[in-house]
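Fit chain B to the supplied structure of chain A, relying on the hints for placement.
So the chains spell out like this:
2 protein chains.
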Amino acid sequence: MAVGLGSFPVIPSISGVRFAAMEAGIKKANKKDVVVFELAEGSAVAGVFTQNQFCAAPVRVCREHLAKAKPRFLVINTGNANAGTGKSGLQNALHTCETLANLTGVSLEQVLPFSTGVIGEPLPVDKITSVLPSALKSMASEGWSDAGLGIMTTDTLPKGAYRQVEIAGKVITIGGISKGAGMIRPNMATMLGFIFTDAAVDQMALQSLLKQTTDQSFNRITIDSDTSTNDSCIAVATGAAQVPVITDFTQGDGALFAAAFLEVMQELAHAIVRDGEGATKFVTVEVKGAEQQSDATKTAFEIAHSPLVKTALFASDPNWGRILAVVGRAGVDSLNVDTVSIFINGCEIVREGGRSPSYSEDAGQLAMNPEEIHIVVDLGSGDQADTVWTTDFSHEYVTINAEYRT
Amino acid sequence: MAVGLGSFPVIPSISGVRFAAMEAGIKKANKKDVVVFELAEGSAVAGVFTQNQFCAAPVRVCREHLAKAKPRFLVINTGNANAGTGKSGLQNALHTCETLANLTGVSLEQVLPFSTGVIGEPLPVDKITSVLPSALKSMASEGWSDAGLGIMTTDTLPKGAYRQVEIAGKVITIGGISKGAGMIRPNMATMLGFIFTDAAVDQMALQSLLKQTTDQSFNRITIDSDTSTNDSCIAVATGAAQVPVITDFTQGDGALFAAAFLEVMQELAHAIVRDGEGATKFVTVEVKGAEQQSDATKTAFEIAHSPLVKTALFASDPNWGRILAVVGRAGVDSLNVDTVSIFINGCEIVREGGRSPSYSEDAGQLAMNPEEIHIVVDLGSGDQADTVWTTDFSHEYVTINAEYRT
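Sequence order for the protein chains is A and B. Numbering-wise, the numbering used here comes out as the position in the first sequence, counting from 1, plus 10. Numbering-wise, the numbering used here comes out as the position in the second sequence, counting from 1, plus 10.
Looking at chain A on its own, in the form it has when it is part of the complex (with noise of 0.2 Å):
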């Protein structure tokens, strides 16, 4: 039931970049669960982690490696997340990186592994191995897609986004892939999100640009407030498609360029979003007015994770009652309840902290209606703000993490 997420983009080949999805059984038969992609040499990567303290063995493999040398290969399972699993889970996460390493020619320090899907259980490493040989006989450049459908877990549709800019006359491509649908309220990054371009960007300002964007894109969407012990996103620049190095983004090639990495972003962190557990709504909640910028995270983060909040989003009922009462128990020391005014989809429902004198229910249910819902908190007391994307409580959210292991 994704919120308008539509059919995957043809992304096109991207320089530099080669991929492919197999079938290692597991997950359910016929489903694609482990990913191989295949970086050209000299790309820059940089990486952001989870801040989970529980974060998974391939999350602390792939923070030594990185550190250590320039990666060559990702290997990404499904099925298993490999986290909770002490020991023999790094020694696992180590293993499929030694299998691809020696089949590859490349050091063991050139491979970064990615794992998701359930907590605590062995991973099936034989399992993942045993299709390595065959992944790097398929290798290609194109079809994306399912590099988007080997990665994911209870997403309903596989999610990519791309954009091309032109940097010194050159057409260059932008272009990702990302899953997660529960356990979603990234610190730092997504459950699995990987973005590639042929560009040629500086390591470090690579790595700075990935952090920014990510504090305006995964960073700010929620699902369940529960932050996952694997989220991962990778950015490559292969520099394949010979371009002059991008190391400023302030300006020219380098600002388009950051534009164009920010809007993957933000398509692939909301499509997490649209293929939430169970959702219904896609909710846009932008606090403005505050003194503080992390008053304004802060309050908005309280809205989209308060169960009555988004039952009520569910219901399409505008019960607006309780967004005030999350407001008043988000923690803004310098609230004023009385310049707080709220909006839903541009309808005026509180005015200077109680009901707006225009406001009746028709036009609060009208405004409500919509799949895509925006809710604008202006606390009046400041000119700072943020926002931060996130779905309803549906039945199919119970349903789907009551039924996960069954």
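Among the clues, some could well be false.
A pair holds if it fits inside one copy or across any two, identical chains being indistinguishable in the list.
Pairs of lysine-lysine, DSBU-like flavour, derived with a Cα cap of 30 Å [stated by the list, open to error]:
# : residue 1 : residue 2
1 : Lys308    : Lys221
2 : Lys308    : Lys97
3 : Lys41     : Lys97
4 : Lys147    : Lys137
5 : Lys41     : Lys221
6 : Lys180    : Lys221
For the record, the hints were derived by calculation from the structure and aren't laboratory data. Values in this document were obtained by computation on a predicted structure and should not be read as measured data.
Chain B in isolation, oriented as in the chain A frame:
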């Protein structure tokens, strides 16, 4: 579908306290929705209220009146919270108090108003004031279940508790009622709790006892993480039993009284959880082995709020990886993931941060089946602990909150 909540206890009459429960037509026909309490002259009255900055009009009036005078009457309506109602809400709360004051000859400030129900609708003040004369004619000191019924919203059962202890050779009674089933994550108090005793307690001592026991009862329960705008908890000591005034709870009769008082508070708080919206489980979350108590409190609440943990509880699914993931994201700086153990109903599930060697899926399933679930998380890094009580997250919760106003 209340969990293990027995029938309403036969609370004895408490000298100095009389009450009446009326049908004012705010809720559906044939439902009691206004309750009036009369307190003996000279009663000590203590109160704790919501920390939600959008506190309701009656909460503001209560705080002001309590600071000015010794209360003689409490007037409570359900069906409408009188919150988010601005200046006219305040006027309506004051008008209710004034009407009761005029009918009884006490001062305006000696009446405390309480409201609970839908947020943002104008208070039907005429309905409330119109039943006050007949309420005053039918005041009685028994029939507490009617008072419990008269303050219910989405509660399925009235909630009451009492204890009796001997002070200076006389039996004194501590009894009370509470309500609440949704928007329950009290911060200072719950969505209406009233505790009465005929013992004599010093005013300052009563306030400190109420605050302290609230932190061990109402402030440690959560159903859906949403702090209400109307939470209020009132303790009344009429002194009508003619026993020595209690000023010290550390020894003798005072200690006996305080222990019984805490038991009543906890029983009333647990009753709210047992009758939580859609609850099929009563869940105790105990976090111990913490360096700081605040770390234990924070971790326990994060587990209790996690939609993924709550849906797994609903399904009786031993998906303990979700608990582990919450511990890792709870924000405990001193967390050492390698010393964490987790037990469910005595079954060791996690040891040293990974799956316990003794764990089996069958044992986990057995542990998750009962209606009463005790989760113990031992952080293994200190001697501080805290306990929080909560419910699971069921289809019924979504249904109740999607259809609340229809």
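Each hint, compared with the structure:
1. Proximity of Lys308 and Lys221 under a CA criterion of 30 Å is satisfied in both settings, with 19 Å inside one chain copy and 28 Å between copies.
2. When the C-alpha separation of Lys308 and Lys97 is checked against a cutoff of 30 Å, the pair qualifies only between copies, where the shortest distance is 28 Å, while the shortest distance within a copy is 36 Å.
3. Taking CA atoms no more than 30 Å apart as the test, Lys41 paired with Lys97 passes inside one copy only; the shortest distance there is 29 Å, against 60 Å between copies.
4. With identical chains, the CA atoms of Lys147 and Lys137 are at most 30 Å apart within one copy only, with a shortest distance of 17 Å there and 79 Å across copies.
5. In the homo-oligomer, the alpha carbons of Lys41 and Lys221 never lie at most 30 Å apart, since the shortest distance is 32 Å inside one protomer and 57 Å across protomers.
6. Taking the closest pair of Cα atoms, Lys180 and Lys221 come within 30 Å of each other only inside a single copy of the chain (26 Å); across copies the shortest separation is 69 Å, beyond that limit.
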